[in-house]
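So the sequences go chain by chain: A and B. Be aware that the first sequence starts at 11, since it is given in the numbering used here, and climbs by one per residue. Be aware that the second sequence starts at 166, since it is given in the numbering used here, and climbs by one per residue.
Each computed DSSO-like pair below joins lysine-lysine, with the alpha-carbon atoms no more than 30 Å apart:
id: 1; chain 1: B; residue 1: K255; chain 2: A; residue 2: K203
id: 2; chain 1: B; residue 1: K272; chain 2: B; residue 2: K255
id: 3; chain 1: B; residue 1: K335; chain 2: B; residue 2: K255
id: 4; chain 1: A; residue 1: K203; chain 2: B; residue 2: K296
id: 5; chain 1: B; residue 1: K272; chain 2: A; residue 2: K203
id: 6; chain 1: B; residue 1: K266; chain 2: A; residue 2: K203
Hints are computed from structural coordinates only; laboratory data are not their basis.
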Amino acid sequence: MANQELLPGQKRFSIGAAAADVGLVFWFIFSLFPIAWMLLLALKNDQQQTTTYFQFSPTWSNFATVVSDKGTQMTSVDFKASLITSLINCGGAVIVSLVIGIPAAYAAGRWRYRGSEDLMFQMLSFRFAPELMVIVPLFVIYNQIGLFDTKVGMIWVLQLVTMPLVVWILRSYFQDLPEDLEQAALLDGYTRKRAFLMVALPIVRPGIAAAALLAFIFAWNNYVFPLILADTNAGTVTVAITKFLGGGGQAYYNLTAAAAIIAALPPLILALTIQRYLVRGLSFGAVKA
Amino acid sequence: MATVTIADLRKTFGKTKAVDGISVDIANGEFFVILGPSGAGKTTTLKSVAGLVDVDGGTVTIGGNDVTRVEPYHRNVAMAFESYALYPQKTVSDNLASPLKSGRTGKYTESQRTERIDQVTTTLGINHLLKRFPRELSNGQRQRVALGRVLVRPADIYLLDEPLSHLDAKLRAAMRAELKQLGAMSNTTTLYVTHDYQEALALGDRIAVMREGRLVQIGTPEEIWRRPADTFVARALGQPEINLLDGVVDDGRIRLGNGSFDLPVPAGVRCDRADRVRVGLRPCDIHVADQASAAVRGRVVLAERLGRNVELTVDVAGAQLIVLASGREGAGEGAHVGLAVADSDIHLFAAGEGDTVRLNADDSLEVAQ
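Based on the sequences and whatever the hints tell you, model everything.
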């Protein structure tokens, strides 16, 4: 049997490969379990949320409750409004990061000057310290200059999260871009600005899409900044979700799970929308002429 | 159309001196070739003329105007890049239209643009590629498009950076001939960078040989070939490479290879008895001769047929000489042959380590003719 000739493309059975497959399946279940558990939880009613595991009578009502006036009364936060606020805050932060970050990344990728590496490292170092370390002084400052619980204030603080990401990702894209392309444009008679807009920018579009999506997700999932620096006016969906945990009163895990699922939809939809660019963004290098 | 003057140009990248003080005057309409191995600073020189490199020192003058600190888009030069540098997101047609749309190379209406592009693509034989993207082209086609982008607009100077280097040998020879026949090329001052000596000899009105950021020799192809300034230039031109043999002057002759054979000292060379010298013999200048009458005799160690010619490695008293013989002479491996060299084909260089300077008098070219 072992010496039997194999057909083309046929592989001999191997214990190692089978074990690897089994291992992968376990890993798959392990890593997806929290999401599956959240889905199950979101379908349970109030009585069964803490008393059942996999056998319960499923209901869709939790999703309706979260976005209804009843939900607003329970948490004293309008979940729908917080969704909109999140979109404005995160969209604003991403736009600010792109408008400032793309030229910054281009400059950082193209020119080396005294301290250029230090500057890039400095930007990345914002991400080293835990947010909690700076949150108290930030809170004091925001209160004093009137940015507490404003969308402008939230956009400002969230771009601290998104800007380093955008600059660092796009810098490597611009570095990979052959300089000859912009130089050709200069000799075609275009200014440096137009060479950048006409040649460099369209080519790194997939990279911009990838960076923008990652930045959006990071901003969307941020919890500490909106928790401390915002309240009802600029409070984001991440904070709104936790209100269903009751804050000392009755905890609604089922509603929390349903709210979390709703909150996960916008980044998911965004990712699917720009999927075409994302794939190209991740396989960059094939673009080179 | 314009003259180009480069004066004491310097550019350093980190600790590397890419261009180390080169000066050259290029005449109006001249086809000027810069020849050198990779890393010699050829591209940096070209990009300095284009304004794409911030030079550390020296000046670049185009048509009498100092343009050293002038932005590239104000210089009115066109350049073909070694990497082609075609815009990947634009079609061939849009690539070619790009210089015409910038507004700095003249104003064109839609129909004037189409006409110009049509003219260029017909000349280069790429009419059928207009709707394609650069990624859908072969290297030869990309190269033509890159050249087309240069030719499509009027420019004072054409800068061509190894435009043929990525082509296969046959296509390269064909394109070389085409380049030479292009009318625009013969009317416009052109700087052409290459590491291929055949391209340089075939195309150039003048050639500058470059090494480690410096110009070693500037001259017509004839001068560069017949009177290489030093062993570097001599070795840079010709395939197979020139034979270099160390010898000692003795009584008007140069003793070579254990002193068992000798060659005459070329006319006009001043050297004394017992001077150490280096003799350069181009493989194509050595002829297989009748064994009895030849002054130099040797045994063929290796015979490689290269189509029309046969490359012979001949052992002459311990020295190995490469000889390019015509295929008909039919000297096989192991055969004993006589070798003959015309006195005017003997290149004499100073002895020593590394590359050494030429000793032949400057009038030897006229003597040779």
